[in-house]
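Participant: With chain A fixed as given, assemble chain B onto it according to the hints.
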Amino acid sequence: MDSTVVTTEAENKVWGGGNEPMRASYGKMMMWFFIVSDALTFSGFLASYGFSRFKFIDSWPIADEVFTHVPFLHGQEHPMIYVAFMTFILIMSSVTMVLAVDAGHHMNKAKVTLYMFLTIIGGAIFVGSQAWEWATFIKGDYGAIQTKGGNILQFVNTEGHRVALGDFAVVGERDRVQHERKNGLWFTSESALPTYTLQEVVAGFEANPDLLVRTQVINEHGHKTVLSRSESLKQLKNNGLHVVEGANLHVNEYGTPLFADFFFFITGFHGFHVFSGVVINIIIFFNVILGTYERRGSYEMVEKVGLYWHFVDLVWVFVFTFFYLV
Amino acid sequence: MAHAHKLSILRGTVKFKSNTQKIWGVLILLTIVTAIEVILGIYKPEVLMGHILGMKILNWIFIILTIVKAYYITWDFMHMRDETASLRRMVVWTAVFLILYLIFILLQEGGYVEEVYSSGFIKFDF
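Line by line, the protein sequences give chains A and B. Take the first sequence: its letter number 89 is residue 96 in our numbering, and every next letter is one higher. Take the second sequence: its letter number 86 is residue 88 in our numbering, and every next letter is one higher.
With the rest of the complex left out, here is chain A:
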């Protein structure tokens, strides 16, 4: 009889809750499970990026030529600098987060508050930087011509420097206007027309004998192939179809539209994680100020949201490598 009671008690202890397998609380272990599954989602994105890149290995855009902008430094080319700054901001906010967790272990409310605040600021700077990066990428800088086969023709001068469409296009008479919902075929519309038409670009190209066309194809030195003058004219006149300025989900002046699609998808999905991380951090921040965890006797909630925040940093480390470095 006595022994039966003991067994029941022991069973209650195992199945009745409050048990901590692997010495991790329920919440922490579930956060780890979530992180593993989310890591697989991101791996899916990055691996499919790798798939498309391997598929177009000799015509993929060179990231150093795409992401060259730094705020306040107009017209200068500094590849890597801004994205390195963003990486550092995110690592720094990871450090303040882990310091907040550490202060929580010592039940130091003032320090947890301060470090959580700094983490939120870091996250906000990062999301803002990413928005700026998107805006710059969408706007584009030099403009290009898309061919019938969907390839991109860019323009360089004889020294190999890029030339913007606006620098040579000959603007003439235009009768083509943007199709709006109210005229022409009713209730259908089109997006804004490019600044220059194909004819204007071709005319400008013919008038400037020192211009050449640069294709998407990467040569054996790792640079994009520049065509001869006669080849350039031939390509432009026979295959030119649209003027492309900037990048969106359909066209991309830097090369294959897939590059832009993956850029928007992967950095967008990551940016969304950072954004939700900031929101969760703000909620926890107010809970800390209100003394919720002080009363609860444990700052484990800070630790759990910290795990998520570090994971966001971890993902960025990989995005940085595979989008900007490799």
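Hints listed in this document are in silico derivations from the structure and should not be mistaken for laboratory results. Glycine included, every Cβ here is placed at the ideal spot set by N, Cα and C. Among these hints, one or two may not hold up.
[Unchecked claim] With a straight-line Cα cutoff of 30 Å, these simulated DSS-like cross-link-like pairs (lysine-lysine) come out:
| no. | chain 1 | residue 1 | chain 2 | residue 2 |
| --- | --- | --- | --- | --- |
| 1 | A | Lys118 | B | Lys19 |
| 2 | A | Lys311 | B | Lys8 |
| 3 | A | Lys146 | A | Lys231 |
[Claimed, not checked] One-sided excerpt, in silico: chain B residues whose CB lies under 8 Å from chain A:
| no. | residue |
| --- | --- |
| 4 | Glu39 |
| 5 | Ala72 |
| 6 | Gly113 |
| 7 | Glu116 |
[Claimed, not checked] Coverage of chain B stretches by chain A, computed from C-beta distances (three or more under 8 Å per stretch; other residues unrestricted):
| no. | region |
| --- | --- |
| 8 | 15-27 |
| 9 | 43-53 |
| 10 | 60-66 |
| 11 | 82-90 |
| 12 | 94-107 |
Facilitator: Then chain B, alone, in the frame of chain A:
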């Protein structure tokens, strides 16, 4: 909860007196690794342009340095170093196995499609 932190990194080469100190130490390490990546990324030394196992040496260096960074973020910022071995294996082995499998299969397929494009009789630029 007991908060026994393991306070040494780099296999015990660098030891710290407190957890806070270790955090700053790891930050310095991560910053150095990132700086190396950025400098290599800007200058792209000609020596590292050779190919090993189908990829540039420089790209291998980037990937290895990234895994180093990922290790320290997980182990020290996410406190994986202080978790039980079973929790650590459950998370790391599962993720590593599935991700390696996914990468292998997709890159293999991507390389195959490229081969068909470049050496098969398919014209996609017209």
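Participant: Hint check: is the beta carbon of Glu39/B less than 8 Å from a beta carbon of chain A?
Facilitator: holds, 6 Å
Participant: Quick check: the region 82-90 of chain B, covered by chain A? Criterion 3+ residues, Cβ under 8 Å.
Facilitator: n = 4 at 8 Å, threshold three: holds.
Participant: Check the hint pairing Lys146/A with Lys231/A against an upper bound of 30 Å on the C-alpha distance.
Facilitator: Status holds; Cα separation ~22 Å.
Participant: Taking only the CA atoms, is the gap from Lys118/A to Lys19/B under or equal to 30 Å?
Facilitator: Roughly 20 Å separates the two Cα atoms, so the pair holds.
Participant: Given the hint that Lys311/A pairs with Lys8/B, test it: the Cα-Cα distance must not exceed 30 Å.
Facilitator: holds, 19 Å
Participant: Is the coverage entry for the region 43-53 of chain B by chain A consistent with the three-residue Cβ rule at 8 Å?
Facilitator: Held - the region 43-53 of chain B has 3 residues with a Cβ nearer than 8 Å to chain A, which meets the minimum of three.
Participant: Would you check chain A against the region 15-27 of chain B, counting CB to CB pairs closer than 8 Å, and say if three or more residues qualify?
Facilitator: With 4 residues closer than 8 Å to chain A, the region 15-27 of chain B meets the three-residue bar; holds.
Participant: Under 8 Å, Cβ to Cβ, is where Glu116/B needs to be relative to chain A, so tell me if that hint holds or is violated.
Facilitator: With a minimum Cβ separation of about 5 Å from chain A (threshold 8 Å), the hint on Glu116/B holds.
Participant: Are there three or more residues in the region 94-107 of chain B whose C-beta lies within less than 8 Å of some C-beta in chain A?
Facilitator: holds (count 6)
Participant: Holds or violated: is the Cβ of Gly113/B closer than 8 Å to a Cβ in chain A?
Facilitator: holds, 5 Å
Participant: Are there at least three residues in the region 60-66 of chain B whose beta carbon sits under 8 Å from a beta carbon of chain A?
Facilitator: holds (count 3)
Participant: Please verify that hint: Ala72/B, Cβ, nearest Cβ of chain A, below 8 Å or not.
Facilitator: holds, 6 Å
Figure legend: structure checked against the earlier numbered hints; every hint is met.
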